[in-house]
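*Asks:* The chain contents come next:
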Amino acid sequence: MNKKMKKKLGLIISASIFFVIAFCCPLDWIILKNSLFVVSYLLVGFEILRKAARNIVNGHVFDENFLMTVATLGAFGIGEIEEAVAVMLFYQVGEFFQSYAVDKSRKSITALMDIRPDYANVYRNKEILKVDPDEVNVGEIILIKPGEKVPLDGNVVEGEGMLNTLALTGEAMPRHVKKDDLVLSGCISMDATLKLKVEKEFSESTVSKILELVENASSRKSKSENFISKFARFYTPIVVGIAVLLALLPPMFLGWDTFSTWLYRALSFLVVSCPCALVISIPLSFFGGIGAAAKRGILVKGSNYLEALSKTELVICDKTGTLTEGVFKVQEIDGVGYSDQDVLKYAAYAEYYSLHPISLSLKEAYGKEIDEKLITKNKELSGKGVYSVVDGKKILVGNDKLMEEYHISYTKNHKVGTIIYVAIDSQFAGSIVISDKIKEDAYLAMEQFRKNQVQKVVMLTGDKENISKSVAKKLGIDEYHAELLPQEKVKLVEKYMSEKSADGKLVFVGDGINDAPVLAYADIGISMGGLGSDAAIEASDVVIMTDQPSLISTAIQISHQTMRIVKENIVFAITVKIAVLLLSAFGLATMWAAVFADVGVSVIAILNALRILRIKK
Amino acid sequence: MKKCKFKITGLDCAACASHLEDKLQKIDGVEDVSISFMTEKFSFSCQEDRKEEILKIIKKVIHKEEPDVEIEEV
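If you read the protein sequences in the order shown, they are chains A and B.
The working numbering numbers the first residue of the first sequence as 7 and each following residue consecutively.
The working numbering numbers the first residue of the second sequence as 151 and each following residue consecutively.
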């Protein structure tokens, strides 16, 4: 509780005491009784009167302070002193609860997203100093002890161990780091004592970039939020107009003696009409939604994007790096006359000096130490493969062209992927299939898309037709386009943008490195595995910090839930208000009920908004 | 252009925040005004050499519109 709130609580309590004394005071001492009520009223309501007066001077007349002032002063006017004080008191109690709830939720959501490190242990003059991360320079050595947060991005110079990246990526699996690995700020060391050489200043470090993004997120307002602000602008004058008519018209026709009855009804009508519940609960719901997403490693850059995500109609994915791992892996070995292990061994030896991704994948699959002495001859045949002599055997490793050039009769392999043929001593020894692997999580993502009302999933890729076809088929993708150049991707996205329904949104998902134009062109651009890549964070509207495509569905799901809560609050608040407005217009609701309808609805709407934080994984 | 960031306290509701944002946006030399009711953050951009002068006007406008609101540079 802050100072302001404590002061308010003090005023409420003292006003209540005066109210009770006044209430018990016998009617014979009417002047004392009424003065005590006035003291209570001024204690609790002075702030409201002051604000209302100030706002009238500033030219914006119709706000809740104005409504409360007119209602309570009006009640004084018709002699309902007790009611006037009670209403003001009740209103302030409600306001107090409301700001308390907002303050609490603000804190809990902010804590959720708080990955800011408080200090850094830096080596200076052979001493370890605890300083603000802001003060550490690039190139200095910092120390991270077990349980501490990594304050700045840096490379490990000493130590190894496990890092918890949960706060940063939402990924529960700890990451192992060793010497020369890059460690990102915001991770927490689980058991490791690490010495890092600082690579980036604090303001450029990952943690700062992410914090900046999340903090600015709520400044981009959604349509619903803008609607509510506009709504409040028109709503209050209309309500005041109706209240005036309600106070004047019926007495004119029914005779002036009923004027005070109708004035009382008009005043109750004013009290219930405050739009606070809507004005406060809707930004809170969006803020909660953004917080809930951040907790899972999804950074949404604004409420407008969170709102748009709920209308996702079409998802367009890049293939490599998004649906597949983007790393070549040996998938299958088919030895002829030699064992699979031998074929792989000779292939790995022959490709030992090459740095091509295919060669790297062969060496990785072989996994054992390569004895360089066994390789006595090695020649790269550009565009075809390698000729090498290993352990006295003549080895040919390469594509079909290589086999044909050396007149080796081989069996063609029709599997999908890159095919490597191996010949030993001019005899065909077998083939190896190398391809990019589909992420396990991609299957889950596809399943989730269907559940979240995504109508079509399209894959765009620069990769070969047969590989793309196989990936699309395995994942159940509706449409795919292969062998595309970057500018063709933009054209296709333009085409899909013009085909979708007016209200539906198009989401493009890419790795953010070479998709920047498309990311910007789509309704919502999502970049994956964006950690540490500034370009990706800049270009996209939503950043997924891990490389799990299923988080796209999670984001859509959170947006659905947020929108549902927003709608619930709008419908609930407006229904209760209209009901009580009608009741009070016909004299069936007292001013007490009116205050409850105003303040109670606000508190319930706030509590409902906080449910977003408890969305299941 | 320099981006200036503040913590803003004492706002009653999101509508007040967006109202204040509109008013501040109209000040000459001020750009990209953003007030977030939820995060209690306020930021704007201006020419670096005009910052002091602009900040004075901003404080005046805030005092007129929402006297309870306080800002503190971060």
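Hints may contain errors.
Stated by the list, open to error - Within a straight-line C-alpha distance of at most 27 Å, the following computed DSSO-like cross-link-like pairs (lysine-lysine) qualify:
{"no.": "1", "chain 1": "B", "residue 1": "K153", "chain 2": "A", "residue 2": "K57"}
{"no.": "2", "chain 1": "B", "residue 1": "K209", "chain 2": "B", "residue 2": "K153"}
{"no.": "3", "chain 1": "B", "residue 1": "K191", "chain 2": "B", "residue 2": "K206"}
{"no.": "4", "chain 1": "B", "residue 1": "K176", "chain 2": "A", "residue 2": "K57"}
{"no.": "5", "chain 1": "A", "residue 1": "K236", "chain 2": "B", "residue 2": "K176"}
{"no.": "6", "chain 1": "A", "residue 1": "K421", "chain 2": "A", "residue 2": "K457"}
{"no.": "7", "chain 1": "B", "residue 1": "K191", "chain 2": "A", "residue 2": "K13"}
{"no.": "8", "chain 1": "B", "residue 1": "K176", "chain 2": "A", "residue 2": "K14"}
{"no.": "9", "chain 1": "A", "residue 1": "K573", "chain 2": "A", "residue 2": "K462"}
{"no.": "10", "chain 1": "A", "residue 1": "K229", "chain 2": "B", "residue 2": "K191"}
{"no.": "11", "chain 1": "B", "residue 1": "K209", "chain 2": "A", "residue 2": "K9"}
{"no.": "12", "chain 1": "A", "residue 1": "K13", "chain 2": "B", "residue 2": "K157"}
{"no.": "13", "chain 1": "B", "residue 1": "K206", "chain 2": "A", "residue 2": "K10"}
{"no.": "14", "chain 1": "B", "residue 1": "K157", "chain 2": "A", "residue 2": "K9"}
{"no.": "15", "chain 1": "A", "residue 1": "K110", "chain 2": "B", "residue 2": "K176"}
{"no.": "16", "chain 1": "A", "residue 1": "K10", "chain 2": "A", "residue 2": "K113"}
{"no.": "17", "chain 1": "B", "residue 1": "K201", "chain 2": "A", "residue 2": "K236"}
{"no.": "18", "chain 1": "B", "residue 1": "K176", "chain 2": "B", "residue 2": "K157"}
{"no.": "19", "chain 1": "A", "residue 1": "K57", "chain 2": "A", "residue 2": "K206"}
{"no.": "20", "chain 1": "B", "residue 1": "K153", "chain 2": "A", "residue 2": "K14"}
{"no.": "21", "chain 1": "A", "residue 1": "K301", "chain 2": "B", "residue 2": "K157"}
{"no.": "22", "chain 1": "B", "residue 1": "K176", "chain 2": "A", "residue 2": "K13"}
Note that these hints are calculated values from the structure, not bench results.
This one's a predicted model, so the numbers in the text were calculated from it and none came from an experiment.
*Asks:* Work down the list of hints and note, for each, if the structure agrees.
*Replies:* Status of each hint after checking the structure:
no. : hint             : result
1   : B:K153 to A:K57  : violated (32 Å)
2   : B:K209 to B:K153 : holds (17 Å)
3   : B:K191 to B:K206 : holds (18 Å)
4   : B:K176 to A:K57  : holds (23 Å)
5   : A:K236 to B:K176 : holds (18 Å)
6   : A:K421 to A:K457 : violated (33 Å)
7   : B:K191 to A:K13  : holds (23 Å)
8   : B:K176 to A:K14  : violated (33 Å)
9   : A:K573 to A:K462 : holds (26 Å)
10  : A:K229 to B:K191 : holds (21 Å)
11  : B:K209 to A:K9   : holds (21 Å)
12  : A:K13 to B:K157  : holds (21 Å)
13  : B:K206 to A:K10  : holds (25 Å)
14  : B:K157 to A:K9   : holds (16 Å)
15  : A:K110 to B:K176 : violated (33 Å)
16  : A:K10 to A:K113  : holds (16 Å)
17  : B:K201 to A:K236 : violated (32 Å)
18  : B:K176 to B:K157 : holds (20 Å)
19  : A:K57 to A:K206  : violated (48 Å)
20  : B:K153 to A:K14  : violated (35 Å)
21  : A:K301 to B:K157 : holds (23 Å)
22  : B:K176 to A:K13  : violated (34 Å)
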